[in-house]
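> Please take these sequences and the hints and turn them into a complete structure.
Protein sequences, first through last, are from chains A and B. Quick note on this note's numbering: the first sequence kicks off at 1 and runs consecutively. Quick note on this note's numbering: the second sequence kicks off at 1 and runs consecutively.
Some hints could be false.
The list makes no distinction among identical chains, and a pair is therefore deemed to hold if it is satisfied within one copy or across any two copies.
Cut-off 25 Å, straight-line C-alpha distance, at most; resulting in silico cross-link-like pairs (DMTMM-like, lysine to aspartate or glutamate) [what the hints assert, rightly or not]: (1) 169 / 24; (2) 199 / 151; (3) 169 / 58; (4) 123 / 58; (5) 169 / 141; (6) 169 / 202; (7) 199 / 141; (8) 169 / 57; (9) 346 / 202; (10) 123 / 317; (11) 169 / 278.
The hints are simulated quantities; they were obtained by calculation from the structure and are not laboratory data.
Protein chains: 2
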Amino acid sequence: MGYPQIMPSKPHQPATFTSGGELDLLARIRARARRGRKGAVRLGIGDDCALLRLAPDEELALTTDLSISGRHFRLAWHPPESIGHRTLARGLSDLAAMGARPIAAFLSLGLPRELATSARGKKSWLDRFLDGFLSLADAYETPLAGGDLAESDFAVADIVLTGAVQHGKALLRSGAHPGDLLYVTGSLGGAAAALAQIKTLDAALKRTYARRDDMERLRIPRRLAETLRPHLFPQPRIAQGIWLAKRSLASAAVDISDGLSTDLAHLCQESNVAAVIDAAALPVHHSANLRQALHGGEDYELLFTAPATARLPGAIEGVAVTRIGRLSRRRAGMPVVAINTSPGRKPLTAQGWQHFS
Amino acid sequence: MGYPQIMPSKPHQPATFTSGGELDLLARIRARARRGRKGAVRLGIGDDCALLRLAPDEELALTTDLSISGRHFRLAWHPPESIGHRTLARGLSDLAAMGARPIAAFLSLGLPRELATSARGKKSWLDRFLDGFLSLADAYETPLAGGDLAESDFAVADIVLTGAVQHGKALLRSGAHPGDLLYVTGSLGGAAAALAQIKTLDAALKRTYARRDDMERLRIPRRLAETLRPHLFPQPRIAQGIWLAKRSLASAAVDISDGLSTDLAHLCQESNVAAVIDAAALPVHHSANLRQALHGGEDYELLFTAPATARLPGAIEGVAVTRIGRLSRRRAGMPVVAINTSPGRKPLTAQGWQHFS
Numbered sequence: 001m002g003y004p005q006i007m008p009s010k011p012h013q014p015a016t017f018t019s020g021g022e023l024d025l026l027a028r029i030r031a032r033a034r035r036g037r038k039g040a041v042r043l044g045i046g047d048d049c050a051l052l053r054l055a056p057d058e059e060l061a062l063t064t065d066l067s068i069s070g071r072h073f074r075l076a077w078h079p080p081e082s083i084g085h086r087t088l089a090r091g092l093s094d095l096a097a098m099g100a101r102p103i104a105a106f107l108s109l110g111l112p113r114e115l116a117t118s119a120r121g122k123k124s125w126l127d128r129f130l131d132g133f134l135s136l137a138d139a140y141e142t143p144l145a146g147g148d149l150a151e152s153d154f155a156v157a158d159i160v161l162t163g164a165v166q167h168g169k170a171l172l173r174s175g176a177h178p179g180d181l182l183y184v185t186g187s188l189g190g191a192a193a194a195l196a197q198i199k200t201l202d203a204a205l206k207r208t209y210a211r212r213d214d215m216e217r218l219r220i221p222r223r224l225a226e227t228l229r230p231h232l233f234p235q236p237r238i239a240q241g242i243w244l245a246k247r248s249l250a251s252a253a254v255d256i257s258d259g260l261s262t263d264l265a266h267l268c269q270e271s272n273v274a275a276v277i278d279a280a281a282l283p284v285h286h287s288a289n290l291r292q293a294l295h296g297g298e299d300y301e302l303l304f305t306a307p308a309t310a311r312l313p314g315a316i317e318g319v320a321v322t323r324i325g326r327l328s329r330r331r332a333g334m335p336v337v338a339i340n341t342s343p344g345r346k347p348l349t350a351q352g353w354q355h356f357s
Numbered sequence: 001m002g003y004p005q006i007m008p009s010k011p012h013q014p015a016t017f018t019s020g021g022e023l024d025l026l027a028r029i030r031a032r033a034r035r036g037r038k039g040a041v042r043l044g045i046g047d048d049c050a051l052l053r054l055a056p057d058e059e060l061a062l063t064t065d066l067s068i069s070g071r072h073f074r075l076a077w078h079p080p081e082s083i084g085h086r087t088l089a090r091g092l093s094d095l096a097a098m099g100a101r102p103i104a105a106f107l108s109l110g111l112p113r114e115l116a117t118s119a120r121g122k123k124s125w126l127d128r129f130l131d132g133f134l135s136l137a138d139a140y141e142t143p144l145a146g147g148d149l150a151e152s153d154f155a156v157a158d159i160v161l162t163g164a165v166q167h168g169k170a171l172l173r174s175g176a177h178p179g180d181l182l183y184v185t186g187s188l189g190g191a192a193a194a195l196a197q198i199k200t201l202d203a204a205l206k207r208t209y210a211r212r213d214d215m216e217r218l219r220i221p222r223r224l225a226e227t228l229r230p231h232l233f234p235q236p237r238i239a240q241g242i243w244l245a246k247r248s249l250a251s252a253a254v255d256i257s258d259g260l261s262t263d264l265a266h267l268c269q270e271s272n273v274a275a276v277i278d279a280a281a282l283p284v285h286h287s288a289n290l291r292q293a294l295h296g297g298e299d300y301e302l303l304f305t306a307p308a309t310a311r312l313p314g315a316i317e318g319v320a321v322t323r324i325g326r327l328s329r330r331r332a333g334m335p336v337v338a339i340n341t342s343p344g345r346k347p348l349t350a351q352g353w354q355h356f357s
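See the structure below:
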């Protein structure tokens with residue numbers, strides 16, 4: 001583990017080896033990480049490993065997500081606070097999809113030197129990244145318990161989230177049955193609609209200036225801040241996942257990170273079922289169109305299934321729950337996922353992002 | 001978690017969404033990861049999170065280490081098998097330093113397309129990376145239980161290792177006391193001596209050819225394979241860490257990843273003690289010099305302390321244990337780490353690598 005190797009654990013003791021670049025950075029990260037609730041973290045930043053303790057009836061849920069500059073975010077498009085927020089939100093959303101309570105986050109960061117250093121009294125990119133990261137971590141009571149930090153020619157962040165869930169209560173992708181009903185939290189397509197707006201802003205700027213440097217960031221007009229929020233600052237559905245897992249109401253769940261069409265296909269694959277969704281029932285975000293709601297990724301809503309006999313409320317912990325379709329047996333020659341629209345039923349092809357294709 | 005989002009968990013079911021680049025890669029990784037012992041892994045690759053289960057008297061140890069092309073390895077210097085091996089070895093060594101038994105590894109990989117694809121029936125770089133990674137994983141009974149995979153302009157690997165250790169038995173950096181004796185496993189400096197040889201080989205090649213492309217790899221002469229082994233294929237001291245933790249013999253421990261001078265300074269910092277080592281007692285690797293043994297990193301031996309009353313054997317699980325010094329109270333104006341050489345005692349300055357400095 002990187003932080004531990006180089007960080008003094010007792011800041012009241014005088015440091016004896018030189019406090020230079022990395023040490024300073026790590027001391028700052030450590031001081032800020034200290035704010036969170038410790039809970040299950042018995043030993044955080046400061047040793048070769050962190051130590052986590054679970055209750056005897058709990059399992060540990062663990063997920064990792066890699067975010068790479070130019071692939072998962074753009075330094076020119078995303079404010080640093082958004083990149084920090086999104087890095088953590090991706091991991092928290094995976095915990096939500098299992099119905100797990102967050103225990104601790106671990107952050108591995110590779111950064112170009114200029115992003116880690118501050119100029120003329122202004123906050124550095126890293127400080128602003130941490131602002132976004134730690135304010136979401138605070139909101140979800142998730143302490144930063146370790147990670148690694150390295151200088152790099154490009155920006156890369158790998159997030160590890162750990163959570164706790166009672167034995168046998170985790171929401172799996174593989175638990176759905178034919179006849180189960182299909183539900184989704186919140187609304188869909190808002191993140192894709194916001195991303196489309198950002199692309200339009202960028203294209204307009206590119207027409208104005210011949211060449212924009214990647215480090216010269218898009219200025220987002222204040223009037224757009226709210227519209228862009230679903231993409232820049234998505235909210236993981238931790239409380240809703242925990243609510244469902246505790247009551248054993250959902251038969252299966254997945255988070256919508258790659259888009260409804262893609263993530264529903266994953267759930268059907270894992271549970272060996274087919275699904276039909278109703279276009280008219282979809283909770284399309286007010287700024288989005290149907291295509292964005294079906295295929296746009298990064299909404300981080302929960303897609304879950306429940307037996308037809310289960311009574312689901314209209315909202316869980318303040319977030320709307322909408323029934324959007326039904327599962328059936330899988331049949332040869334029939335599409336795994338289909339959609340009912342006004343002209344009739346048609347197959348719905350997964351159109352999510354795939355690397356190396 | 002990346003693998004889960006895109007991988008069918010039941011390979012006997014026909015895949016319904018197109019099997020293209022990333023899916024194929026992940027299916028191959030998943031098939032190969034299946035080989036390991038499952039143990040505490042209740043749910044591996046195939047869902048939003050992996051699920052791990054511990055015994056009621058165990059804590060989870062967790063560490064992450066980022067490896068970046070051009071910083072932690074060079075595509076031109078290191079055979080892919082070595083990069084896979086070293087990536088995992090870094091994480092395993094952190095577990096060893098806590099006295100933890102490995103439970104599961106998680107691997108986040110960002111790779112340029114050409115490293116993930118194979119040409120003319122030859123193994124791809126990724127396949128050879130996995131050969132090195134999984135053969136070490138097999139040797140240490142560590143299943144690959146998840147991770148993430150993304151296309152990237154550069155090669156980056158983040159490794160997460162989880163392990164189990166009995167409540168209160170973990171070896172911490174902070175447990176050492178004045179008067180404790182200082183021990184090290186194996187020998188020191190072998191990795192640094194090997195790295196120096198690799199640099200010499202590379203310089204000779206550069207003199208022959210005006211410019212060597214990063215992708216055109218150094219051919220390592222067979223006669224050097226054994227000499228270079230400490231750098232290319234280091235062995236983490238898992239069995240020795242577990243042995244020490246079980247018997248509560250060690251008061252503190254750290255792995256030597258940044259070099260003895262640096263890692264000993266970390267241990268002294270965390271325990272608030274000073275140390276004096278005896279140059280004549282150091283188990284210098286037969287191919288190394290004293291400087292390499294003191295400051296060369298990546299040996300991945302264990303540095304540990306034990307009360308003077310503790311009886312340590314000359315070897316633990318087949319690896320030599322050498323007493324190299326003693327701890328004392330910290331005093332203002334005195335060096336935290338000093339070394340006794342034939343001309344007398346002098347301060348030993350930490351000379352390990354620091355990013356951003």
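> Run every hint past the structure and note whether it holds.
Right, here's what the structure says about each hint:
| no. | hint | verdict |
| --- | --- | --- |
| 1 | 169 / 24 | neither (42 Å within a copy, 31 Å between copies) |
| 2 | 199 / 151 | between (29 Å within a copy, 21 Å between copies) |
| 3 | 169 / 58 | both (9 Å within a copy, 21 Å between copies) |
| 4 | 123 / 58 | neither (41 Å within a copy, 42 Å between copies) |
| 5 | 169 / 141 | within (21 Å within a copy, 28 Å between copies) |
| 6 | 169 / 202 | neither (45 Å within a copy, 55 Å between copies) |
| 7 | 199 / 141 | neither (33 Å within a copy, 47 Å between copies) |
| 8 | 169 / 57 | both (10 Å within a copy, 21 Å between copies) |
| 9 | 346 / 202 | neither (35 Å within a copy, 60 Å between copies) |
| 10 | 123 / 317 | neither (36 Å within a copy, 51 Å between copies) |
| 11 | 169 / 278 | neither (29 Å within a copy, 56 Å between copies) |
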